[in-house]
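J.: All chains, please: the whole structure from these sequences, using the hints.
Residue-level listing of the chains:
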Amino acid sequence: MNVVVLIKQVPETTDVKIDRKTNTLVREGVSSIVNPFDMYALEQALRIRDQHGGKVTCISMGPPQAEAALRETLALGADEAILLSDQAFRGSDTLATSYTLAKAISKLSEFDIVICGKQAIDGDTAQVGPGVAEHLDIPHITYVSKVEEISDGHIRVRRMSEESYDVIMSPLPVLITVLKEIGEPRMPSIKGTLRARKARITVWTASDLEVDDEMVGLSGSPTQVVEIFSPEIRPGGEIIEGDSAQEKARNLLIRLKEDHLL
Amino acid sequence: MSVEIIASKCTGCEACIPACPYNAIEIRDGVAYLLDSCVFCGACAKECPSGAIVVSDLGPDLGPSSKPSEDGRSEAHDGHGDGVWVFVEQRNGKPAGVVYELLGEGAKLASDLGEDLCAVLLGYNVQHAAEEMLKYGASRVYLVDDPALESFQDEPYAQVISELAEEYRPSVFLFGATTIGRSLAPRVAAMLKTGLTADCTKLAIDKETRLLLQTRPAFGGNIMATIVCRKKRPQMATVRPKVMKAAQRDQARTGEIVKLSREIIAPRARLLETYPIPGQHVNIQEADIIVSGGRGIGCPGNFALLEELAELLGGAVGASRAAVDAGWIPYAHQVGQTGKTVRPKLYIACGISGAVQHLAGMSSSDVIVAINKDPNAPIFCIATYGIIGDVLEIVPALISELKAGGH
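Those protein sequence lines, which keep their order, are chains A and B. Letter 208 of the first sequence, counting from 1, is numbered 208 in this note's numbering, and no numbers are missing. Numbers given in this note's numbering equal positions in the second sequence, counted from 1, plus 1000.
Read the hints as simulated data drawn from the structure, not as lab findings. On a predicted model such as this, the values are computed, not experimentally measured, just so you know. A couple of the hints might just be wrong.
To give an idea of the chain B side of the interface with chain A (calculated C-beta under 10 Å), a few residues [claimed, not checked]: (1) Pro1021; (2) Val1039; (3) Arg1187; (4) Lys1193; (5) Arg1216; (6) Ala1218; (7) Met1224; (8) Pro1267; (9) Lys1345; (10) Gly1386; (11) Pro1396; (12) Glu1401.
Below, a list of computed lysine-lysine pairs in the DSSO-like style, where the Cα atoms sit at most 30 Å apart [claimed, not checked]: (13) B:Lys1345 / A:Lys257; (14) A:Lys257 / B:Lys1340; (15) B:Lys1340 / B:Lys1373; (16) B:Lys1108 / B:Lys1202; (17) B:Lys1202 / B:Lys1245; (18) A:Lys146 / B:Lys1094; (19) A:Lys257 / B:Lys1245; (20) B:Lys1094 / B:Lys1202; (21) B:Lys1207 / B:Lys1245; (22) A:Lys257 / B:Lys1373; (23) B:Lys1108 / B:Lys1135; (24) B:Lys1259 / B:Lys1108; (25) A:Lys107 / A:Lys146; (26) B:Lys1135 / B:Lys1345; (27) B:Lys1193 / B:Lys1232; (28) B:Lys1046 / B:Lys1232; (29) A:Lys257 / B:Lys1403; (30) B:Lys1340 / B:Lys1193; (31) B:Lys1094 / B:Lys1108; (32) B:Lys1108 / B:Lys1340; (33) B:Lys1245 / B:Lys1094; (34) B:Lys1340 / A:Lys146; (35) B:Lys1193 / B:Lys1259; (36) B:Lys1202 / B:Lys1135; (37) A:Lys107 / B:Lys1193; (38) B:Lys1232 / A:Lys107; (39) B:Lys1193 / B:Lys1108; (40) B:Lys1231 / B:Lys1046.
Every residue, glycine too, gets a C-beta built ideally from N, C-alpha and C.
T.: Structure below.
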């Protein structure tokens, strides 16, 4: 079973805060992490490999620094890591990103399952996975909470939607995006960490991928950000006082009633 | 939009580095340098004290040099029809709540553009739902009624929808940012090779350029971004449920139902069965009131108290990541970055300290009540009303007060 995991390096969200006085974005430090949902994707991939054999390849598109994220996946047990890095990819929106990633996946000799995290925690779009599947002309299944079975060239999974679980069966190759419910990611082993430190990470540029220049980076991105601003800050709250729990409860309910919430 | 660094003006002061939400700037040889991860949002330019970062095409009118109206029209109005389209997500013939919100918002956009509001409905035996869409403001419903479309499946739905969009050329196409919408819309956008903006919380039409201004939260709601799709059509967006105002039903409204038939491909990924999520009585994303519990409630058994309170209020039960990770309540209840994003009218956080990741999933609730022993818990910073006290005393008090009536 050849499994491809798509990885994104993201800024650690907790570092992004709003300065309440100036209402501007404040970033303390600039630490980067592997997108947490991608860790679940990797965990799922490793479990499939552990059970069915084969190989796990992690692919990330990003600046040279994103190599650090890929090394982390190697430490956890991924067999190979490929970084897609080129100035030509700058300014990519989700359409251009999914095209570029799909070009990289189709350059691999073979693949059975592509796994992505549900979404990245910086953009929160959840759009790249289905986009990659369309560019590869393979089916996709989003919000997978459990891989139930892989056999006879098919995968059966459980998708979580708002009110139900949907059981979906697809032939391979397929792309799935996974939720946290998949299971806790493993910890890196010492051996893995040592191996990751020395491993060579393949870098593919635009020319390696033979991409259409008009489909990558800024020119391949129909959407553009025209403004970034801080959300409105919630007005300061009121502490409900009272001499006893009962009185506090009563006073709160009075407020909620005044707000027509009860 | 593009961002350029004028090396001769850059002093290497690093002011731009923390301003970049994408970690995309570093200093090389004493000069700021944009990495591949730059999305050209321009956030850095505002912070540069020496004017070394030049952003073109930025401005309230989307910039004089971009000529979006000419370019936009050449593709948008190339002799075909137009309109603001709404995808009617339905299960068993019943449209999802967000559909009415899309119709409400879509009507405003259509009126600003002077175009028609149209609904796109796929399903089987759903004629009645098509008629309802007219009562809720659609002037036209494109209906594809086929046994092959009875349940939502990505491939046939994406195929039919992209064919309709290519044939009728809407200028705007809205989907709910639901499980279905967020799975379907990106596949359709990739088929049509057009732009898609995820999980929008505000939409508007720019008067001059007629472009759809799509505003959405990013970084777990810590920043907002406004996005446009200049040249490709349709301008596609998924819209966060419970944000836009729902359309009102008007029995007197009439319109046209355009029945279409299509040859439908057999899906590769097939839906075998659907069953309710065990233990989930209410979908927390649809609930107007949510009572949520964190580690501060002490033990799993105490969720029964929250359930009782939620029931008295007619709400649903949510949970923090800590409570879910401890195994106290299933993942389907988790609110926050790795769980669900909710926006109820009332959110009652019980024993939840308010980690940023939790706030990301609930901070846009209309009214937030925080109940926590620790007066310094961050949740109090965003709470409309705070009660400092033991959840296990306050919640039972709320329950007995509600039972006693008078509220």
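J.: Okay, which hints does this one fail, numbers in order?
T.: none
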